[in-house]
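Participant: Use these hints to put chain B onto chain A, whose structure you have.
2 protein chains.
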Amino acid sequence: MEVTADNKQILLKSYINGSPSESDMELKLGNHIKLEAPTGSNGVLVKNLYLSCDPYMRGRMQNFQASYVPPFSPNSVIEGFGVSKVVDSDDPNFKKGEIVTGLTNWEEYSLILNTNQLRKIQQDDDIPLSYHVGLLGMPGFTAYAGFFEVCAPKKGDYVYVSAASGAVGQLVGQLAKLHGCYVVGSAGTSHKVQLLKNKLGFDEAFNYKEESDLEAALARYFPHGIDIYFDNVGGSMLDAALANMRVQGRVAICGMVSQNSRTDKQSFRNMFSVISKRITIKGFLQSDFMQLYPRFLEDITHYYKQGKIVYIENMNDGLESAPAAFVGLFSGKNVGKQVIRVASE
Amino acid sequence: MEVTADNKQILLKSYINGSPSESDMELKLGNHIKLEAPTGSNGVLVKNLYLSCDPYMRGRMQNFQASYVPPFSPNSVIEGFGVSKVVDSDDPNFKKGEIVTGLTNWEEYSLILNTNQLRKIQQDDDIPLSYHVGLLGMPGFTAYAGFFEVCAPKKGDYVYVSAASGAVGQLVGQLAKLHGCYVVGSAGTSHKVQLLKNKLGFDEAFNYKEESDLEAALARYFPHGIDIYFDNVGGSMLDAALANMRVQGRVAICGMVSQNSRTDKQSFRNMFSVISKRITIKGFLQSDFMQLYPRFLEDITHYYKQGKIVYIENMNDGLESAPAAFVGLFSGKNVGKQVIRVASE
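Chains A and B supply the protein sequences, listed in that same order. So the number in this note's numbering is just where the residue sits in the first sequence, counting from 1, plus 2. So the number in this note's numbering is just where the residue sits in the second sequence, counting from 1, plus 2.
Extracted from the complex, chain A is given alone in its bound form:
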């Protein structure tokens, strides 16, 4: 007996220029899927539980072949990180009922053929499953690898984090505090600023939208200058930070959420500081540090269980909510890591 199911999907309609809007995506109804992994496919058929909305996905919606990940295809289902339950498996490494995380599709059920990139999750009552696309997933690992491997932090360093309440920033700040640094974060609403100071343990935080002069704002929060800037936004914030760096300061370029497209013009007035302060600016991708993933999982799980770190999620319900939630990333609508709950566990 063949079992099939309805399978709602979110498609990318066509390539975007700049930032996405909801109308760039489409909820497609009426699809059916066989709930089996075909013999010989070596794949797994999964039920998607949680899907991750990540800013890097904007890049895959643009028609640019030469990046570090290929673009999506128009009129095809969107791919992204998720947490899923195995319904059927043709891969001996995975069994029905197991929970996995990795790249899946924005739909209710997915046939995943590239099973090498899947990681099995041991369920743990203390850790929400959705954290495996956040705190313990790509964004958390980005924070961990970026802070420890790229920023070369020392105890007592002055650390600045932009988009500090986001999926990556909130962990960077907490790791910096645990490392003995002084940490200031910026965000785009007073609510987020309160969370940074009262829940996430930042020493100081400010709303960048209330500052007419970012350079002066940073000078106020860092009278001795910045040793480490963990940059999630690029553009004018990066420029303002350069003016406030200390000698031998480090800038980790993690994301440029302020830039709508790869070739948006960014204007800098403070590039000369790179010489006079001997600043190192380093772009990175977490995927270059995969050998550290096991240590990351162990460390962060340990910190979390000890209550030394917290993690804020913005959970939206239903696959239908995904386009709006994704678009919201670029206007700062989300508070914390943006996740979509597709199905209950």
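Heads up, some of the hints might be wrong.
Where chains are identical, the list cannot tell them apart; a pair therefore holds if satisfied intra-copy or between any two copies.
[Unchecked claim] EDC-like mimics (lysine to aspartate or glutamate), calculated; alpha carbons at most 16 Å apart, straight line:
| hint | residue 1 | residue 2 |
| --- | --- | --- |
| 1 | 267 | 217 |
| 2 | 199 | 126 |
| 3 | 36 | 151 |
| 4 | 267 | 241 |
| 5 | 15 | 28 |
| 6 | 49 | 28 |
| 7 | 307 | 127 |
| 8 | 201 | 290 |
| 9 | 335 | 347 |
| 10 | 307 | 290 |
| 11 | 97 | 24 |
| 12 | 157 | 347 |
| 13 | 157 | 24 |
| 14 | 157 | 315 |
If you are wondering where the hints come from, they were derived from the structure by calculation, not from laboratory data. Predicted model, so just to flag it, every value in this text is computed and none were measured.
Facilitator: Below, chain B alone, put in the same frame as chain A:
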């Protein structure tokens, strides 16, 4: 009997905005100087033989206190690197007749009180004295420290040098060749391009003024991309290089001769490449690497005497020629390291 001499000087008239013109400087006649180092001064009285024109001095002509070197004072004699002969000494480490190099003034005779920064030169018939402000001085050391310590070169790397026939660039290119790299340089005249290819041993060279699209030009000269960009100019050339870097490429920011002032706006379209290619951009000052100076002197002297490197100077005669020669640096008038011969040895 007291011996005095006429002492022509070049003064900075007032602080500049942007690039210098000859009228920002003034030849002052009628000064006299006692040819002695006063007892108790611990100084040396020197006759200046060669004076160095270096782009970084533009920064000292601007009223900006917070840089790595303090600005000059208006209506005061200009300070710079030179090669000088000791006329009288109150410092037991220096004797009359010895040749020294270090910071001196743009005048015929100088009383140097800060003798710690002077270095004695052992005269060597094979090495022109003027090389001690070029190949074997600050510019040469900038090339050496910047290339080996900042660029992390590997054999076979694709290396791009801008302002490649200048005081620093010409040595960077030759060191890169000796290190087994493939080296392309850019300069602003066809004469310089010929020198790069025929005298300085660059694999390829081009005239950036003949290229309407720098990004496309670099793509033509580096079909496999750039591993190391040694940047002497900043601005649009830096932006074009970013688009052409290879994964894990390194950009050493040595100078920004294209920028008239510290806060000139620089526009970048390719900043995102810093993430996607995991580029490291590092500003540096040679003064941070002083512990390597003895090894540098030994290595470069050795290479030079073996005929493995050459060095091109642009020698102008007479202190009077200094303002025009200095101003010429910023329009690329000089061919090679710009030096002023103040007096014959």
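Participant: With reference to the structure, classify each hint as holding or not holding.
Facilitator: Against the structure, the hints:
1. 267 with 217: between (19 Å within a copy, 15 Å between copies)
2. 199 with 126: neither (29 Å within a copy, 65 Å between copies)
3. 36 with 151: neither (44 Å within a copy, 59 Å between copies)
4. 267 with 241: Both, since 13 Å and 10 Å are each at most 16 Å.
5. 15 with 28: Intra 6 Å, inter 68 Å, cutoff 16 Å: intra-copy only.
6. 49 with 28: Result: close neither inside a copy nor across copies, 20 Å intra and 80 Å inter.
7. 307 with 127: Within. Shortest intra-copy distance 11 Å satisfies the 16 Å Cα cut-off; inter-copy 73 Å does not.
8. 201 with 290: neither (31 Å within a copy, 41 Å between copies)
9. 335 with 347: neither (26 Å within a copy, 72 Å between copies)
10. 307 with 290: neither (27 Å within a copy, 44 Å between copies)
11. 97 with 24: neither (36 Å within a copy, 80 Å between copies)
12. 157 with 347: neither (41 Å within a copy, 54 Å between copies)
13. 157 with 24: Neither: 44 Å inside a chain and 50 Å across chains, both beyond 16 Å.
14. 157 with 315: neither (29 Å within a copy, 48 Å between copies)
Of the numbered hints listed earlier, those contradicted by the structure are 2, 3, 6, 8, 9, 10, 11, 12, 13 and 14.
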